[in-house]
Amino acid sequence: MEKILSVRGARENNLKNIDVEIPRDKLVVVTGVSGSGKSSLAFDTIYAEGQRRFLESMSSWAKRFVQQLKKPQVDFVSGLSPVVCIDQKTITKNPRSTVGTMTDILDYLRMLYASIGTPKCPVCEEPVEVWSLYRMMEHILSLPMGTEVEARVPVLKIYNEDYPYLLETIRASGYRNIRIDGKLQDIGNEIELDESQNYFIEVIADVFTVQKNIDKQIIASLEHANQIGAGLFSFHIISKITKNKRDEFYRACGCKQHFILSSEMHHGWFTFNDAAGACNTCSGLGTSMRVHTPLLVPDPSRSLRNGAFVKEALNCDKNTWGGRILESLASHYKFSLDTPFAKLKKSVVNILFYGTNGEKLPIVIPQGATQGQHHEGKEVSYRGIAIDIEHKYNWYRKYGEASNWSEEYYRKIMVEQPCPDCKGTRLKKQRCLVTIDNKNIYQIGEMPLEELHSFIQNIKTEDKHLQILQTIQREIIGRLDTLINIGLNYLNLNRRSATLSGGESQRIRLSSQIGSGLMGMLYVLDEPSIGLHAKDNAKMIKTLRHLRDIGNTVIVVEHDEDTIRAADYIVEVGPGPGVHGGEIVMSGTVSKMIKDNNSITGLFLSGKKQISYPKKRNKGNGKHLEIKGAQHNNLDNLDIKIPLGNFTCITGASGSGKSSLIHETLYKKLYSLKYDSRVLSGKHTKFSGHEHVDSVIHIDQSPIGRTSRSNPATYIGFYDNIRKLFASTDTAKEKGYSASQFSFNVKGGRCEECKGEGMITTKLAFMPDVETTCPNCKGKRYNEDTLSVTYKDKNIFDVLEMSIEKGVAFFEDNKLIAKKLSVLNDLGLGYLTIGHPATILSGGEAQRVKLAAELAKSKRGKHNLYIFDEPTTGLHFADIQKLLDCLRGFVDKGHSVIVIEHNLDVIKTADYIIDLGPEGGENGGRIMAKGTPEQIAKQKKSHTGQFLAKLLK
Amino acid sequence: MSENMEQKCQRFQKALDIFIERVEKDKWIQAVVLIGEISPQTIWSKEHLFLWVIEVDGVTKRRKSDGGDERLFRTYTEEDINIVIELIPRTRFKLMVEGNSRTAFTHNFFAKRILVHSKDSSIDRWFQQAHQLATSDQETSLMIATTWVIQPLKYIDQLIHTKKDIELARQELLGVAHSLAAIEIILRGEVYEHQPIYKAIDYNPQLFATVYQEILGRQRSMTKLKKALQAVREYLEQNHQHYLRPIIKFYQNKPHIVPLSQICDSFAHTQIYPWHIVCVCEWLCNKGFLEKISLPIRITKKSITDVEEPAYQVNK
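Protein chains in written order, with our numbering: chain A, 23 to 975; chain B, 1176 to 1491.
Note that these hints are calculated values from the structure, not bench results.
Errors might be hidden in some of the hints.
[To be verified] Listed next, with one range per pair, are the computed distances between beta-carbon atoms: (1) R1238/B to E183/A: 39 to 45 Å; (2) Q219/A to F1248/B: 45 to 51 Å; (3) R1393/B to I213/A: 46 to 52 Å; (4) D216/A to K1374/B: 38 to 44 Å.
For clarity, every value in this text was computed on a predicted model and none was experimentally measured.
Even glycine gets a Cβ: it sits at the ideal position worked out from N, Cα and C.
My request is simple: use the sequences and hints to build the entire structure.
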C-alpha cells in the first residue's frame, strides 16, 4: 500500500499550483498564517477530493439522493483513503440536541433504563415490578374460571388543566368508568372534584371474566389502555374467590398498597424526543415561555395612545377593542393615555398587565371612533395584556397552531423559563420515577462525565440482567473514556448542543470517531486545541496520537505550539495571507522547521521571534466591576472585583466556570442593565460598578453567516455607504439611479442573467453542479449601465475587486468607509478584496471580519467594555501580535478589555489575570489566583501559573 | 302465495337462531348484536338481517375487497335470508359503546340494538350501562335538544310577522314540538326513540296539547299559533336554568369576558359544537343572563390583522 498522500497541482482558492507529499498513518499538522491557504489545502483539496471520489463510487441511482461535490482545482491526489472531516462549523441550534444525543450515550442509557431500571408507584413511590403484558395476562388467567378481574390504569392530572378536562380526555379515549381514591365513578355523571386536592385516579380499562380463549382479548385491551396510562397497571379481583387464591394473586402483583405494575419498558420512554417519554406540557423541550412585561413596552417614554405597547400585543386604534379598553381603563382608573408609560402609577401598570381581577368597568368609546358604539356603557372586566398573551401562547402550543410569525412575535415578548410541569427534566413524571441506584435518567444526565463514568461502572444488577448491563456498560464507558480523555470531563449529558463552543462540539464529534475504532481512515481536523487549557491540551494530543496509532492518517490544521511540536510531519503554507500565500513554505519534521529561517512558524518555535509582553503592567483607572455571590452553574459563591481601564484575562481549565462568570453573569447583567431587561443573568447576590461602563460589547466564537452574496463590505455594513456614494455621482444623478441600482441582490442594476452572482450554476442530476462565468456580464455582476457609473474612475465592480489596503486610500475622502476599511486593515486583512465572498474566507479571516464589524461600530461611549471569548481562534502567532496590538489600542483609549483565553501568549500580555479552577465541572468554580501575570506565575496551586512561570522566565 | 308479517318474522327469527347456534361454537366470536328488531311493525320493509359480530381482537385480516374503509362487512346467508354482518374487534366495540355513548341520541343508537348472543360478561355490562343515561350526558343532551327548540323560534316569528306565511310557520312549530318531545324524554332519563312525541304527550299533556295537538288539528288559526309559541317561550323561560346548565355552569366560574373560541375549546371533547354554544349564548344574552361583547381574534395562524369574535360575560 502506498505510504504517501500526494497532491499535485493544487489551485483551490489562493493555492498556487502547489505539489505536496504527506506521509500516511502519521499525525500531520498544516500550519501557516491566517488566510495563507491551510484550509484550502486540507479541507478544500484533500478532504473534498476524498469525499468526491467516495461519492463518485456510488451508482447513478444512489447519487440522485446525495449532493454531489464539485471537483477541486487539483491535477491529481493519490494515496487517498475514506476521509472524515471534523470541523468547528457544525454547531446545531436544535434545542433537542444535547451532549447525550450527540455522543449516542443517551441512546445507550435509555436502553439501560428500559432493561434494568426500577419503576416506582406514582402514589407511594415504592418500587414496582416490570411485567410483560403476556405475563399480566397469564397472571389473570391463573385465577379460577369465572373470576372477574378489573384492570385499572393510574392517570395523573394534566398540568394547567382542571379535573373536568382530564375526565373528558379519558372519556374521549374510550373509557367511561374510573375510580377516584378507590371509589367507582361514571364519567357520564357530574363529578365534583376540588382542584386544590390530589386524587388517586384510576381508569377502569376493562373487566375480564376468566375463561378460555380470552388471552388475545386481554392483550388487546391492555395494549390500548397503555396509551392512556403511561405503562402502569393494577389488577383487582371484583368477584368472590377464596382467600388463599386472592392472597396468592395479590402477593406477586405490584406495590403492596396499590398493586401497581409496570408494563415492559421501552427505550422510547426515556427520551424527550419521543412522545412516549416527552413531557406533555413542553413536548420535551424542558422550557416554556412566559411574558416578560418590560418587553411589551419597548419605549416607556411613549404614552399608551402613542403606541407604548408592542403593536402586535395591543392595537390601540380607537376603532378596535384595544383602543376601547384603554379608553375605558383610563376613564375608570383616572389616568391619562397621553402620560408616558414610565410615569404611570404602579397600580395602573399592574392593571394593564394583569387585569382588573374581576372588577368591571364601563366601556367608553374613544372620541372620533366610528365603530363599536353598540358596546358603549357595557360593563366588562379586563384580563390583562400579559395574561391574555400567555393564554393565547398556550392555546397555540396546545393545538400546534404556531406559525413562524407567531413564534417570532412570542420570542420578542416572552422569555424562556424551565417548564413548570417537568421542571426542566423534559420527561413525563412517570418516566422520572424509573431509577437505577436511586437515580433517574435526568439526574444521571446532570452528572459531570467523570462522575457518570464511576456511576455507570458501579451499577449492580440481578444475574438475569447481567449480560445486558455489561454490553451497554461497555458501550457507554468506552465513549465516556474518550470524552474524558480529550478534556471534556466537565460536561454533562443534559447540556444543550447549542451552548457548546465550536471546539467542544468538534471534540465531541472526534470522540465518536475514535469510538468507531476504524482504521485506514483519513481524518481532517480544524484546530482541535481551541477552548482547551494548556493542561488539557496534552490529553487532546494523546487522543490524536491514538487515532494515528490505530492506523489512521490525521491531518490537523493548527496554530497551537504544543500540537505542532507533537506532529510527525508539518506542512507550512504561506508565506503571507491571501495572494501573498498559497505556497508550501516548508514540509518536514519539527526540527527541520525550527532550522528553516523561511518558516515564520519555525521562527516562533525556535524563539527567534516571539510575542512580546509589556514589562510594566497597566494598573487601570482605579474603578471596578464587582460581582458578589456568583453561583451560576458551578461557580462557588464567588466574590470578584474586575479592574476597569485595562486588559484583563480570565483563565482556567475547560469547564472551570470562565464563561459562567463572564458571559452568563457579568455580560448578561450589564446587557440587561444597559439594553434589554429581558436578558436574565446568572445567579448572583450583588452587582456594582456598571455606572463606570458606557457600553458593553461581546465578541464570541460563533461563526459569521456565509453566503456567496455576503462579503466583508456587506457584513460590516459599509457597502451601503459605497452604494450611496456611487448614487451621489453626477452620472448616477443624471440617469436617476438610487443606491439600490448598485446592489447585486435586487433587480435594477445587477446582471439579470446571473442574478448578480457573476457565475451561473448549472444543476446536473447526479453529477456535481457546474459553475461557469456569466456570459452576459463576464463575471462583473452588474449590467453595463451600472458599470458606466464611476467614482474616481472606478466602477462598482472595480471597487469590489479592490484590496482593502488600497481601499483605505481610495476612500480617504469618505471618513465612514475609510474608518471601517482601516479597522479591517489594522487587523491584518488588508490583502482581502472588498467584495471577497464570505464563503471563501478562512476561519481566522472570518473571525477577524466579525471582530472588525464590532470594533467599527461608531455609536459607542467613552468607556466601553469589550469582552472577547477566545479571540485567537484561527490565528497564527504572527496574527496574534496584530490582535494584541488592537486590544491594547482599546485600553490606551480608556476602554476596558476582558478576554477569556487559553493561549499563553495572550495571557502573558494581560495586565490582570483571574484564574478559575482548579478543574472543570464540580471541581471548578473557585478563584485559584488573581493579579498580574508575574503574581500568577508565583501561585503554585494555579495550573495557569505553572505554565506562565515557564514562559516568563 | 305471499306470506304475512307474522310468517316473515318467523322466517327471519329462524335464520337468526341458526346463525347464532353456529357462532356459539366459534371460540373467536364474543358476541352478536342484532341491529333493529324482528317485529311485525318493523319487518315489512326488511330484506336482510344486519348484525354486529364482536370478535376477539386481532383475528381478522383485511381483504382487498374490504377496500379503504376501516369497517369490515361480510354477507352470509341462512334460510335464504342474507345476513349482513359488521365484524368488530372487541376493543373497538368497547370504544364505540363507552367512549362515544355521550348523548341521548347515541344512547339510542345502542338501545335499538339487541344483544342476541354473548360469551363476555363485560360486553353484557357495557350494553347495560349504555342504556342508562348518566347525569352529565343527560345535561349535554338536554342542552343540545334545547338548541333545536331555540333556533327555529326566531325564524317562526319572521315567517309570521314578515313573510305572513302561517302555514310554513305551523310546520316549523311542529318540528319544534318534536324537539320538545325529545327534551321530555331525556328529562326522564329515558332513551330517545323513534316517534318520541307519543310518549311526550303522556308526560306533559298540557304543553303538547298546545304546541302539537292544537296546531296539528284541522282548525288552524293565528291565535292558536301565537298561543303555542307563547307556551314554548314560557316553557323555556321556566326551565332554561336546568336545560342550559352546561353553559350557565361554565360561566359561573368565569369572572371575565370569554371569547367564543375559548368556550368552544372547553367543550371540545363533548358533542356540544360551536353552533350549539352560539345559539345558547345568544339566547342567554336576550334573557339578560349574559352580555355580548366582542374580542379581537385572527382568522388563520398566519393572519396578522384582527377581526372580532363574539365574547360573552355574566351580566350581574
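Hint-by-hint comparison with the structure:
1. Judged by the Cβ atoms, the range 39 to 45 Å given for R1238/B and E183/A holds: they are separated by roughly 43 Å.
2. The hint said 45 to 51 Å for the Cβ distance between Q219/A and F1248/B, and at roughly 48 Å that hint holds.
3. Between R1393/B and I213/A the CB atoms are about 51 Å apart, so this pair conforms to the stated range of 46 to 52 Å.
4. In this structure, D216/A and K1374/B meet the distance hint of 38 to 44 Å, their C-beta atoms being roughly 40 Å apart.
Hint compliance for this structure: every hint is met.
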